[in-house]
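Undergrad: Under this note's numbering, think of the first position of the sequence shown as 2, with each following residue one higher.
One should not assume that every hint holds.
[Unchecked claim] Derived DEER-like restraints, expressed as beta-carbon distance ranges:
no.	residue 1	residue 2	range
1	Gly123	Pro17	41 to 47 Å
2	Gly27	Ala64	19 to 25 Å
3	Glu8	Ala108	30 to 36 Å
In short, the hints are calculated from the structure, not lab data. Quick caveat: nothing in here was measured; it's all calculated off a predicted structure. For glycine and all other residues, C-beta sits at the position ideal for the given N, C-alpha and C.
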Amino acid sequence: MRFPNAELLRAHAKTPLDEVLYLYLGRQNVEVLGGLDACALLRRLYLQHNRIERIGGALTPCAHLLHLNLAGNGLTSVAGLLGLRALMTLDASHNLLPDSELLQLQALRVVSLSVEGNPGYGDGAAGAAAEARAR
2 MRFPNAELLR AHAKTPLDEV LYLYLGRQNV EVLGGLDACA LLRRLYLQHN
52 RIERIGGALT PCAHLLHLNL AGNGLTSVAG LLGLRALMTL DASHNLLPDS
102 ELLQLQALRV VSLSVEGNPG YGDGAAGAAA EARAR
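Kindly produce the complete structure, drawing on both the sequences and the hints.
TA: The following block contains the structure:
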């Protein structure tokens with residue numbers, strides 16, 4: 002089970018973790034999200050094409066997060082995303098989010114939201130409503 006711990010984060014960061022604004026962890030086989038406590042100033046986080054199934058409270062320390070890419074994971078729940086008040090763009094496309102979870106994304110005040118390729122998007126109702134709300 003691979004997760005971003007301080008060692009992995011430092012390997013990808015070019016500055017001390019408490020100064021990191023941008024972090025790319027795409028295609029790193031991340032399964033469990035965590036270890037972001039030291040990255041409180043993080044603005045952009047790229048986690049696409051990993052094996053993440055849930056967020057939980059892992060992003061709670063990232064109160065300043067503006068852009069989040071979770072495309073191509075195995076997410077089944079949006080729990081942990083709804084508290085990201087500063088978030089402007091979210092790519093949650095190509096996950097396993099059902100209709101009920103996609104509808105919850107309407108609560109986010111994002112400018113750009115991508116949810117295509119999720120099971121709940123197939124009928125067009127929830128996914129389209131969530132994406133329309135973001136525009």
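Undergrad: Provide an ascending list of the numbers of those earlier hints which the structure does not satisfy.
TA: none
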